Amino acid sequence: MLDNKKVGSVMIVGGGVTGMQSALDLADSGYYVYLVEKSGAIGGAMAQLDKTFPTNDCSM
Amino acid sequence: MTLSEVTNIAGTAGNFQVTVKEAPRYVDVDKCIACGACTEKCPKKVDSEYNAGTGKRKAIYVKYAQAVPLKYQIDPEACIWLKKPGACGFCQTVCDAGAINFNDTEKIHEINVGAVVLAPGFEAFDPKEAKVWGYGVQPNVITAMQLERYLSASGPSEGHLVRPSDHKAVNKVAFLQCVGSRDENLCGNGYCSSVCCMYAIKEAVIAKDHVPGLSATIFYMDMRTHGKEFERYLERAKTDSGVRFVRCRVNGVETDGNTNDLRIRYINEQGRQVEEFFDMVVLSVGLQTPKHVLALAETAGIQMTVDKFAATSDFAPVQTSREGIFTCGAFAGPKDIPQSVVEGSAAAAAVADLLAPARHQLSTAATFPTEKDITNDEPRVGVFICHCGSNIASVVDVAKVEEYAATLPHVTYVERNLFSCSQDTQDMIVKRIQEQNLNRIVIAACTPRTHEPLFRETLKAAGLNEYLVEMANIRNHNSWVHTKDPAHATAKAKDLVRMAAAKVTFCTALKPISVPITQKGLVIGGGVAGLTAALNLAEQGFEVHLVERTNTLGGNALFLKHTWSGEHIPTQVKKLIEKVLANDKVIVHMESEISKVEGFVGNFETTIKNKEGLTRVIAHGIGIVATGAGIMTPHEYCYQTSKRVVTALEFDRLHELKEKHVHSARNYVFIQCVGSREGDAMYCSKVCCTHSVQSAIEVKEEDPTRNVYILYRDMRTYGQREKLYRQARQMGIIFINYELHGKPQVIDKGDKMEVMVHDHILHRPLKIEADIVILATAIRPRLDAKDLANLFKVPVDGDGFFLEAHAKLRPVDFSTDGMFVAGLAHYPKPVEESVAQALAASARAATLLSKDEVSLDAIKATVDPEFCDGCALCLDVCPFNAITLVTREVDGKVGKMINVNKAKCKGCGLCQGTCPKRGVYVGGFTMQQISSQIEAALAV
Amino acid sequence: MSFEPKIIAFCCNWCSYAAADLAGISRMQYPHNVRIIRVMCSGMVHPELVMDALGQGADGVMVLG
Numbered sequence: 001m002l003d004n005k006k007v008g009s010v011m012i013v014g015g016g017v018t019g020m021q022s023a024l025d026l027a028d029s030g031y032y033v034y035l036v037e038k039s040g041a042i043g044g045a046m047a048q049l050d051k052t053f054p055t056n057d058c059s060m
Numbered sequence: 001m002t003l004s005e006v007t008n009i010a011g012t013a014g015n016f017q018v019t020v021k022e023a024p025r026y027v028d029v030d031k032c033i034a035c036g037a038c039t040e041k042c043p044k045k046v047d048s049e050y051n052a053g054t055g056k057r058k059a060i061y062v063k064y065a066q067a068v069p070l071k072y073q074i075d076p077e078a079c080i081w082l083k084k085p086g087a088c089g090f091c092q093t094v095c096d097a098g099a100i101n102f103n104d105t106e107k108i109h110e111i112n113v114g115a116v117v118l119a120p121g122f123e124a125f126d127p128k129e130a131k132v133w134g135y136g137v138q139p140n141v142i143t144a145m146q147l148e149r150y151l152s153a154s155g156p157s158e159g160h161l162v163r164p165s166d167h168k169a170v171n172k173v174a175f176l177q178c179v180g181s182r183d184e185n186l187c188g189n190g191y192c193s194s195v196c197c198m199y200a201i202k203e204a205v206i207a208k209d210h211v212p213g214l215s216a217t218i219f220y221m222d223m224r225t226h227g228k229e230f231e232r233y234l235e236r237a238k239t240d241s242g243v244r245f246v247r248c249r250v251n252g253v254e255t256d257g258n259t260n261d262l263r264i265r266y267i268n269e270q271g272r273q274v275e276e277f278f279d280m281v282v283l284s285v286g287l288q289t290p291k292h293v294l295a296l297a298e299t300a301g302i303q304m305t306v307d308k309f310a311a312t313s314d315f316a317p318v319q320t321s322r323e324g325i326f327t328c329g330a331f332a333g334p335k336d337i338p339q340s341v342v343e344g345s346a347a348a349a350a351v352a353d354l355l356a357p358a359r360h361q362l363s364t365a366a367t368f369p370t371e372k373d374i375t376n377d378e379p380r381v382g383v384f385i386c387h388c389g390s391n392i393a394s395v396v397d398v399a400k401v402e403e404y405a406a407t408l409p410h411v412t413y414v415e416r417n418l419f420s421c422s423q424d425t426q427d428m429i430v431k432r433i434q435e436q437n438l439n440r441i442v443i444a445a446c447t448p449r450t451h452e453p454l455f456r457e458t459l460k461a462a463g464l465n466e467y468l469v470e471m472a473n474i475r476n477h478n479s480w481v482h483t484k485d486p487a488h489a490t491a492k493a494k495d496l497v498r499m500a501a502a503k504v505t506f507c508t509a510l511k512p513i514s515v516p517i518t519q520k521g522l523v524i525g526g527g528v529a530g531l532t533a534a535l536n537l538a539e540q541g542f543e544v545h546l547v548e549r550t551n552t553l554g555g556n557a558l559f560l561k562h563t564w565s566g567e568h569i570p571t572q573v574k575k576l577i578e579k580v581l582a583n584d585k586v587i588v589h590m591e592s593e594i595s596k597v598e599g600f601v602g603n604f605e606t607t608i609k610n611k612e613g614l615t616r617v618i619a620h621g622i623g624i625v626a627t628g629a630g631i632m633t634p635h636e637y638c639y640q641t642s643k644r645v646v647t648a649l650e651f652d653r654l655h656e657l658k659e660k661h662v663h664s665a666r667n668y669v670f671i672q673c674v675g676s677r678e679g680d681a682m683y684c685s686k687v688c689c690t691h692s693v694q695s696a697i698e699v700k701e702e703d704p705t706r707n708v709y710i711l712y713r714d715m716r717t718y719g720q721r722e723k724l725y726r727q728a729r730q731m732g733i734i735f736i737n738y739e740l741h742g743k744p745q746v747i748d749k750g751d752k753m754e755v756m757v758h759d760h761i762l763h764r765p766l767k768i769e770a771d772i773v774i775l776a777t778a779i780r781p782r783l784d785a786k787d788l789a790n791l792f793k794v795p796v797d798g799d800g801f802f803l804e805a806h807a808k809l810r811p812v813d814f815s816t817d818g819m820f821v822a823g824l825a826h827y828p829k830p831v832e833e834s835v836a837q838a839l840a841a842s843a844r845a846a847t848l849l850s851k852d853e854v855s856l857d858a859i860k861a862t863v864d865p866e867f868c869d870g871c872a873l874c875l876d877v878c879p880f881n882a883i884t885l886v887t888r889e890v891d892g893k894v895g896k897m898i899n900v901n902k903a904k905c906k907g908c909g910l911c912q913g914t915c916p917k918r919g920v921y922v923g924g925f926t927m928q929q930i931s932s933q934i935e936a937a938l939a940v
Numbered sequence: 001m002s003f004e005p006k007i008i009a010f011c012c013n014w015c016s017y018a019a020a021d022l023a024g025i026s027r028m029q030y031p032h033n034v035r036i037i038r039v040m041c042s043g044m045v046h047p048e049l050v051m052d053a054l055g056q057g058a059d060g061v062m063v064l065g
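Chains as they are written, first to last, in our numbering: chain A, 1 to 60; chain B, 1 to 940; chain C, 1 to 65.
Okay, chain A solo, but in the shape it has when bound:
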């Protein structure tokens, strides 16, 4: 069976708001997620914005 070879884990490259959303949804639906981020912390460009950011937590 080809299906048996499928691995139940996912790598997400990029820890901005998009990558985080993808990571959360996958982790919440039963997959093991590796979130790879180039810089020292996740958050991406949205964390730099002043007023769109409604709360200070980044939903992780």
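Heads up, none of these hints are tricks.
Listed next, the in silico DSS-like pairs over lysine-lysine satisfying Cα-Cα at most 27 Å (straight line):
#  : chain 1 : residue 1 : chain 2 : residue 2
1  : B       : K596      : B       : K520
2  : B       : K21       : A       : K38
3  : A       : K38       : B       : K56
4  : A       : K38       : B       : K45
5  : B       : K902      : B       : K520
6  : A       : K38       : B       : K107
7  : A       : K5        : B       : K585
8  : B       : K131      : B       : K45
9  : B       : K107      : B       : K21
10 : B       : K723      : B       : K700
11 : B       : K44       : B       : K31
12 : C       : K6        : B       : K400
13 : B       : K574      : B       : K520
14 : B       : K752      : B       : K700
15 : A       : K38       : B       : K808
16 : C       : K6        : B       : K484
17 : B       : K31       : A       : K38
18 : B       : K851      : A       : K5
19 : B       : K904      : B       : K917
20 : B       : K906      : B       : K511
21 : A       : K38       : B       : K291
22 : B       : K44       : A       : K38
Rather than coming from a laboratory, the hints here were simulated on the basis of the structure.
The model shown is predicted, which means the values in this text are computed figures rather than measured ones.
On the provided structure of chain A, position chains B and C as indicated by the hints.
Then chains B and C, alone, in the frame of chain A:
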């Protein structure tokens, strides 16, 4: 994994070997407690990337104050020690936690995964190289990202808008749009970045809020505010905030010499050359794909577009050219936050489709010992006081607090820890709970907002109910804010511990509520969005009921021919329908409508009624609303009276059929924004500019001698669609801008239509003789959307579109748990955005459907039947409609009482605050608990 | 001895309590007289609790949310 980059992807879909290179951080993340002592002592300062170069950071730093992980890192490019070992090393000396490791090395990880999602994002265009408008030369010319940092309270000037040259307050600011976008000469980026119009308006509005009397002007070509609620924001910026908008091309930005004021020359709408002075000029820089991401694309072996974004199909917007590798966010084209979040979820859906057989293969659920029943035990409170390195201990006399805590009622054990949150302390706390037989815990440390979940886990590991812990915030609310007043800080720490101990004594074991989930979905609407969502859920392995009102599947897409990128819609829709019908997990209910809805997340029971009036009840765990939208019928421009005036969709049809009066026409006039962006319909229909430009190109391509005019207000060919607009102009299609106050006039002359419009370039009225006039009519919400909304208890907005839970961060969720929205029902959008949103809705739904039960937080309202007299005051205040009134019988007397639906309750306690009889309480925050805190606070 | 008022502040977990945390992170210094009680929403604060606090000697009560 931070500081990490992908260097190779081998293998195929379902089974990839990914090589990840992790750069050294030089700080041990397990030891670093983010106290900041290292940064304080570090002597090396460099420009802060986070502040876009407007401020400085040290060589050892944390990216930003709320960073996750909140761990410091050393910049090897700047660090003195790393450049010359032995030269500095201050950070190592001051770090109490011993986290600094100068010998840290690069690590290579080989990781086996089933799929890869690329979400590497964008970079802002850097205008320095091309010296756009004097950037990099003139100190007061800054980028929008820099302004964002100046306006931020956490920015370099703490939110005060000052000029970089002399730190003088700014009184007059100009925004120049399209820097690094829609410009092939200066930057090579021909596309539109989609987000800059909106962020410039937002920054202008906020800047005006910050500086009373500030004058803000936005110089632009087209205002592209095509997103949901954007048009209204634009109107409010004009009318309420008084932001000035000038449509022009700026000729030059020059300095005044000694004052560093900036002179802008432009041609105003009357055609005159004007000069104006500004204190500050902000460049609205565009988005582009950074070099390292282009390298990543090459590593991944995926195709890119000419604009250097990941190439995708409009019907599979997150699938790259390599199977098993997905993309989302700005990597697949410039886009805003909501669309990026949608694509993040959409990519999750696409992955889940691919890896459906392997779900739950590698994820594990944590196990805990059986919980001890403490209901009848005397409270035995254990207090753990954290030093937080020196963060607390250097201000608060923790030994005195320890001594004091031991004297408090019910406290049987007190201990101090260097770091209460460290793994070894956690293990130790578990041990102490067991050996000292503790049944209530106080942690005097930092904030429960970040650390309560950790300590709850600790209690669970010790066999105690997780809600028997209370934190005393003696760091954020004490040692950090009373640094220079140790005596009072110590006294306050004692108070806070006393308050926490008093409250925890009244804590009771709370049970998280679990609700079983019916692992089936219901999708309402059989258009592209509904079909896509249903198919994805089915391919993920869930049973789906698809309800369609008409006798055809396909929805509005049946009227369309090509997507903006030229994909043939009928072929793709046909394929989609075939796949849905072939999938035995999708149960299609044609000619059926929803008549009744009961239940809540995980447990809905929906009644559908078919044409014959027969009803059927469907049990489902989630619902997706994809009911689409309608088209408005115009009442202007002689549409009702002349057959030479048609809507865009009618035109497509007539054109395809080569109908004579369309085919033989010489002069074609398109009129944009018919029914959009005016009056009660203050929203942009988003798709019509692109549609008209596409049709115009086709007409012109067939016969280049035809005259084609497009009369528009703002040409909104956003993102990579800009290429169509460019092509149209090159082909000689004539674009004439009109304003709302000078709408075109269409006069029926029998064999011709006469179109009058004011030409802003020639500055005179223009008369066009048209053989056919094509109206770009607005997309309208379904009139009965409100009825469906009422059935499912989900909201619609003022325009009549369904309203999502959060405009930015939860763009497909409803505020009602378990309900999602996709497609035109949410807002006008093109096919690929509908598909992405449908996939996203499916992914969000799958997070629920993949579980057997939903576990909800135990902080919920509970009725006290002894006191509740059914006065129902709480019914009106409950924001979640979680409370209902029920009849009960006490001692033979029939009375009323409230009933709380725990699945709907969010524990806000408005009911508790309203109840005059103490008939309802929120566990963990009862009146008794809060009273005990008040009493303890005021006891000394 | 100078007068040292005692102030009770009810802070909503999602906004004002978070703001007080952030004040700490930013090392903003403020008088030590305030005692914060965390609630899940400022709407949870029953009027009786405010009376309670004032009755027991609080010099001021803040409900922040």
